[in-house]
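First to last, the sequence lines map onto chains A, B, C, D and E.
To convert, count from 1 in the first sequence and add 39; that's our numbering.
To convert, count from 1 in the second sequence and add 39; that's our numbering.
To convert, count from 1 in the third sequence and add 109; that's our numbering.
To convert, count from 1 in the fourth sequence and add 3; that's our numbering.
To convert, count from 1 in the fifth sequence and add 100; that's our numbering.
Hints in this document: simulated from the structure, not taken from any laboratory.
Please note: incorrect hints may appear among the correct ones.
Taking lysine-lysine pairs in the DSSO-like style, the calculated list, with each CA pair at most 27 Å apart, reads [unchecked claim]:
1) K208(B) - K18(D)
2) K18(D) - K124(B)
3) K351(C) - K144(C)
4) K231(E) - K183(A)
5) K243(C) - K231(C)
6) K213(C) - K359(C)
7) K231(E) - K161(A)
8) K124(A) - K231(E)
9) K187(C) - K213(C)
10) K161(B) - K127(D)
11) K127(D) - K177(B)
12) K117(B) - K127(D)
13) K208(A) - K231(E)
14) K231(E) - K119(A)
15) K119(B) - K18(D)
16) K18(D) - K243(C)
17) K231(E) - K127(D)
18) K84(B) - K18(D)
19) K255(C) - K18(D)
20) K231(E) - K114(C)
21) K190(E) - K117(A)
So the derived label-pair ranges between C-beta atoms look like this [claimed, not checked]:
22) G227(A) - A123(D): 34 to 40 Å
23) A329(C) - I321(E): 49 to 55 Å
24) L257(E) - S122(B): 30 to 36 Å
Don't be surprised by glycine CBs; every beta carbon is placed ideally from N, CA and C.
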Amino acid sequence: MPGVTRLSVRNIRKSFGTHEVLRGISLDAEDGDVISLLGASGSGKSTFLRCINMLETASDGEIWVDGEHIEMVHKNGKSKPASQKQVDHIRSELGMVFQSFNLWSHMTILQNVIEGPVHVLKRPRADCIAEAEALLEKVGIADKRHAYPAHLSGGQQQRAAIARALAMKPKVMLFDEPTSALDPELVGEVLRVMRALAEEGMTMLVVTHEMSFARNVSNRVVFMRQGLIESSGKPDEMFTGGATPAFRQFIGHFGSGQ
Amino acid sequence: MPGVTRLSVRNIRKSFGTHEVLRGISLDAEDGDVISLLGASGSGKSTFLRCINMLETASDGEIWVDGEHIEMVHKNGKSKPASQKQVDHIRSELGMVFQSFNLWSHMTILQNVIEGPVHVLKRPRADCIAEAEALLEKVGIADKRHAYPAHLSGGQQQRAAIARALAMKPKVMLFDEPTSALDPELVGEVLRVMRALAEEGMTMLVVTHEMSFARNVSNRVVFMRQGLIESSGKPDEMFTGGATPAFRQFIGHFGSGQ
Amino acid sequence: KDWTKATITLEGAYAPWNLTNADGTLGGFEPELAKVLCERAKIECTLVASDWDGMIPALNAGKFDVIMDALSITEERKQVIGFTIPYAATPAAFATAKDSPLAKAAGTGATIKMTPGQTGVKEIDALKAAFKGKTIGIQAATVYAKFVYDNFGDIAEIREYKTGADRDLDLQNGRIDLGFDDAVYFANAFKSANDTLDFTGPEIVGSIWGEGEGLGIRQADTDLRDKFNEAIKSTLADGTVKNLSMKWFKVDVSPQQ
Amino acid sequence: MDFTFLASTMVTLLKAVPTTLILFSLSIFFGGVLALVIVSMRVSGNPVLSGFAKGYIFVFRGSPLLIQMFLVFYGLGQFGVIRYSFLWPFLREPMVCAVLSLALCTAGYTAEIFRGGIRAVSPKEIEAARSIGMSGFLLVRRILAPIAFRHALPAYSTEIVLMMKSTALASLVTVWEVTGVAQRLISQTYRTMEVFLCAAIIYLVLNFIILQGMALLEYSLSRHRRAAPQPLKA
Amino acid sequence: MASLELLGFGSTGWGALLILATLMTLAVTATALAIGAVLGAIVAAAKLSGNPVFVAFGNVYTTVFRGVPELLIIYLIYFGGSSAITSIGKAMGYEGFLGLPSFAAGALAVGIISGSYQAEVFRGAFLAISKGELEAASAIGMHRGLRFRRIIMPQVLRLAIPGLGNVWQLSLKDSALISVTGLAELMRTSQVAAGSTRQYFLFFIAGGCLYLILTSLSDRIFNRAERRANRSMPASAMGQA
Ligand SMILES: Nc1ncnc2c1ncn2[C@@H]1O[C@H](COP(=O)(O)OP(=O)(O)OP(=O)(O)O)[C@@H](O)[C@H]1O
Ligand SMILES: Nc1ncnc2c1ncn2[C@@H]1O[C@H](COP(=O)(O)OP(=O)(O)OP(=O)(O)O)[C@@H](O)[C@H]1O
Ligand SMILES: [Mg+2]
Ligand SMILES: [Mg+2]
């Protein structure tokens, strides 16, 4: 059902102390959108993702997830979510994949994946295990399901983290530089999984430095600069003539890499 | 004075347990040579470098550094250096730059750089500081000289590690994947420094995955495979027609990276 | 209060006054005497072992009702607890190594009687000359400690031990030259030191050591004290104390009235 | 509360503080030196030396200090060999024996703490030192020891405080430090609570000062771990 | 030898009493450790709460009970505790003495001390949990309680094991000081045997050896627990003992 707005963000602002990191960001993601978020280091990409699933509280702005508005209260200059319950619910609808995997080190891969469905969604354990095994099969690490995270390579850990997020059947997946901690060989593995997700129509917001992903997999590219969306558009337009000077300079930098 | 042999290695062998990692490697580096050491993961590149400066003890073979032969004794099946003093001396003539920087965390950058000259070479402190500052200037991090390693970015740390090695005025520099722990932006910084060193005529042996460096900066490419030198030659010859099938397959793999 | 039951505490490690047998039961002079006293006072007694250091505070805290642990009756202690009449009174003396130059000091074998605060005793002055510059070991916070400080504090080095047993070991080791303590206690200690130690100088008796050893009882419990006083009197009168004393100490420690 | 009694108790106890401090500082010093010897044996790689060190640590960590002190003070003198040796003039002194047994005991703990610190030193930093030609004592002095000491500092602070408290046992061997004097006062006055309260305050203050000092040392040795100083914006 | 007979199990042997005393030491230390675990968890939670009042309470607790000699604390609890209970009893109309038994007073005192050390162990373990793993838990919508139960608790327990081993060792030796309450634990029984037989060295050495046996047994248990808990860790982190 393309056309359904899965995620909608209006005019998000965020400051750390006196430093305003996000200066009013708005973005909509519809069903099946794969949005690449590009930008120089420090431009606020991670902060933006963290505001969406409330790991940081935005100072201002509105967020809707799958049509549900996140209620905030403002009290003497500070904002906080009106209901922790709603926050927990919203988070269970947003899958987050961290740059540093953050798998729970005391659980096996399978336990990591079923943890959310069993204890947060309170679904029957047997069903969760069956689904988890299918997911691990899909990301290609089914044989590692009884291993602990510390015994896996970086690429395998990252794929386990993706499976863990998918097991919650999220409406939207948020990826924060899912490949930057990986060596080139492992990058390939993870991108392959993400490409498959995109083809299945999962809505995704991906902070990435992989230009080839931005160009070939995503259907929209958003370029952030100093806490603002400097420009955005279809990958083809962005990477060819239509780019702004700032974006051209940004990708030029990458172009010289090899 | 090109033509002087700075480093000469004959028939080095090394086993871990029953696994023979190096199966007879020979190599000569003359003054000003910049040799790129390529090879798949596990082919023994790091082990080879570590044998040269005796961080591992080769089971067999001979090494000369700047004409000085490293004496070994063989006792009931094991080899070890005849004299720790000679090992210390040889090591001070070989600069090693590690993949993971390995700066001393309890010292500032300047202290890291002067540590060897002052305490190993026992040179006057004031001279060492002056030279160290010049070196830090050269690698572009003079302003960070009083910072601690933990406060530097990866690229800055790696450049500090290079300065630290250079401060010993080594005859030969050994680099073990000096850029693989860095993100693309930082890779550029470090490669720039290495290119400058090459132009000054420093003898260098570089384990790297950066094909552009191998191709454009080094004057010899050595390709290792399963503990042996599979092929070697001038970059032009290696990267164009003259390559062996194994090397062609190896660089093919990289070619598909982007 | 109607005293039909009472708890008596003792250390259980101060042979031969009181000691613990290998089967965990208490034995020695005091446990045997306690049995007789309780029978005569018609009190059902329980004996419990506890540590010397905490005994008096624990009595006042109410953890038990009677202390029977070779407790000398002194003015200071009377400030905080009450006492029965004494059931024993023992002389005190110096001890030294048999092969020490201080052995057989002046007055050895004699007995002198002293009162509290008495000075100018000629036997003591003779010892003072002999013990000049020596080291004397005493058990801290005892009447004997006070005596040694008062009479020898100016001429000898005094070292305080937490227990008499520790001091005896050091006397054997030669770390100190002399010890001063209860003569009955010493006589027993010499045996376990393989008779390498012996008395030296005169035995000192008299009110200087207070009235002797009595039962410690909370000041408020006068009725309990009176019951035990009667019992003690009768055991002294019929020779029970003397018999037990001969059995355990080989000398009579009954207080001389 | 009887304040004049508290005050006079405090004065009596304070007079014993120097003894406590002497016991404490000497045993920390000698215990530290001995710990260095034990730990270098422990990590030497030589099975005999490291076995000895393991046994040492086991015995001195595993048994109560009270027993150790008793055996050192009263036990050693039982042996004629020792009593008639050149050591006796030293071992005769209670203070020497008290410091000896405190130092022997803390050396076992401290050696383990130092070993933990050594294990926390990144092998890579050691390798980097070797690669410029450092080895042996130079390597230990310049790289290993400073990093290991910094790592060991928090655990070492705890051990130092434990040591301060352990000096309380020295009255067993006739060295009358604060706790011993307090116990003696109690057996003279039978006012347990008041006397122990004064003693508790003294130890609390001493330990508080020590911990503050250690925290200061820790702070000054961890500049390399703190956030980088923010450059002032001109 | 006569002295060895004293250690045996015959009618003149102290063997049985020493074994009983060893078990008593074990029991009192284990009880103290359990009391300390509860107190330690509460104090650690207070110190981590961020609430200035709770933090101050936690700091005072750990400073006082680590800074005051154990013996003093044991005395304060043994005598002070009894007076307190007795006066509570009086207030409730009960005339007479209500004492803390030696075992309870001793275990409580050592437990309170042990709690101050355990608080630091737990706090350190909590701080060692990767922040990322906590964020990951929030990110799938785990609420506070669930996060605590599923992510924090298991990891704190694992990370705390080595520290708890040290605390156990400390408490084992602190329990020797309970001898002043007259409880027949190992230290007191050794002293009583020594005083009754006047074989001081024999019984102190025997007592020391029994402590060493307890130490080596408990070391073994803690090592096994640590290995078990660390099975999720990379192989290189294990077996370095
Ligand atoms: N918790 C925080 N406290 C203070 N400042 C912060 C905090 N988190 C982020 N910042 C600042 O906010 C800015 C944006 O950070 P953010 O991590 O969002 O950048 P980014 O675009 O993700 O960069 P990168 O590509 O390096 O990950 C940076 O200047 C950073 O220093
Ligand atoms: N200390 C060691 N003990 C046992 N095996 C080792 C050790 N060090 C290296 N090896 C093995 O030796 C082989 C060569 O390792 P080496 O690190 O030299 O490879 P490499 O060519 O540097 O690979 P990479 O590109 O991944 O760094 C590998 O199979 C490795 O597992
Ligand atoms: Mg980021
Ligand atoms: Mg390598």
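A quick look at each hint next to the structure:
1. For the hint linking K208(B) to K18(D), the alpha-carbon distance of about 62 Å lies beyond 27 Å, and the restraint is violated.
2. Restraint check for K18(D) and K124(B): not satisfied, since their Cα atoms lie roughly 56 Å apart, outside the 27 Å limit.
3. With a CA separation close to 15 Å, the supplied pair K351(C) and K144(C) stays within the 27 Å bound.
4. The hinted pair formed by K231(E) and K183(A) meets the criterion: a straight-line CA distance of about 25 Å does not exceed 27 Å.
5. Only pairs whose Cα atoms come within 27 Å are accepted, and K243(C) paired with K231(C) is accepted, the gap being roughly 20 Å.
6. Among the hinted pairs, K213(C) with K359(C) is consistent with the structure: their alpha-carbon atoms are about 22 Å apart, no more than 27 Å.
7. Only pairs whose Cα atoms come within 27 Å are accepted, and K231(E) paired with K161(A) is accepted, the gap being roughly 25 Å.
8. Restraint check for K124(A) and K231(E): satisfied, since their Cα atoms lie roughly 22 Å apart, inside the 27 Å limit.
9. Distance restraint check for K187(C) and K213(C): the Cα-Cα separation of roughly 37 Å exceeds the 27 Å cut-off, and the hinted pair is therefore not satisfied.
10. Of the supplied pair hints, the one linking K161(B) and K127(D) holds, its CA atoms being roughly 23 Å apart against a limit of 27 Å.
11. Annotation: proposed proximity of K127(D) to K177(B) holds, straight-line Cα distance about 25 Å (limit 27 Å).
12. Straight-line distance between C-alpha atoms of K117(B) and K127(D) comes to about 25 Å, which keeps the hinted pair within the 27 Å bound.
13. With a CA separation close to 24 Å, the supplied pair K208(A) and K231(E) stays within the 27 Å bound.
14. Restraint check for K231(E) and K119(A): satisfied, since their Cα atoms lie roughly 21 Å apart, inside the 27 Å limit.
15. Under the criterion of a C-alpha separation no larger than 27 Å, the hint pairing K119(B) with K18(D) is inconsistent with the structure, at around 62 Å.
16. Straight-line distance between C-alpha atoms of K18(D) and K243(C) comes to about 25 Å, which keeps the hinted pair within the 27 Å bound.
17. With a C-alpha separation of about 26 Å, the suggested pair K231(E) and K127(D) falls inside the 27 Å cut-off, and the hint holds.
18. With a CA separation close to 69 Å, the supplied pair K84(B) and K18(D) exceeds the 27 Å bound.
19. Under the criterion of a C-alpha separation no larger than 27 Å, the hint pairing K255(C) with K18(D) is consistent with the structure, at around 20 Å.
20. Of the pairs offered as hints, the one joining K231(E) and K114(C) is violated, with about 64 Å between alpha carbons and a cut-off of 27 Å exceeded.
21. This hinted pair does not check out: K190(E) and K117(A) have alpha carbons roughly 53 Å apart, beyond 27 Å.
22. About 36 Å separates the C-beta atoms of G227(A) and A123(D), a value consistent with the hinted range of 34 to 40 Å.
23. In this structure the supplied range 49 to 55 Å holds for A329(C) paired with I321(E), their Cβ-Cβ distance being about 50 Å.
24. At roughly 51 Å, the beta-carbon separation of L257(E) and S122(B) lies outside the given 30 to 36 Å, and the hint is violated.
Comparing the model with each numbered hint stated earlier shows that hints 1, 2, 9, 15, 18, 20, 21 and 24 do not hold.
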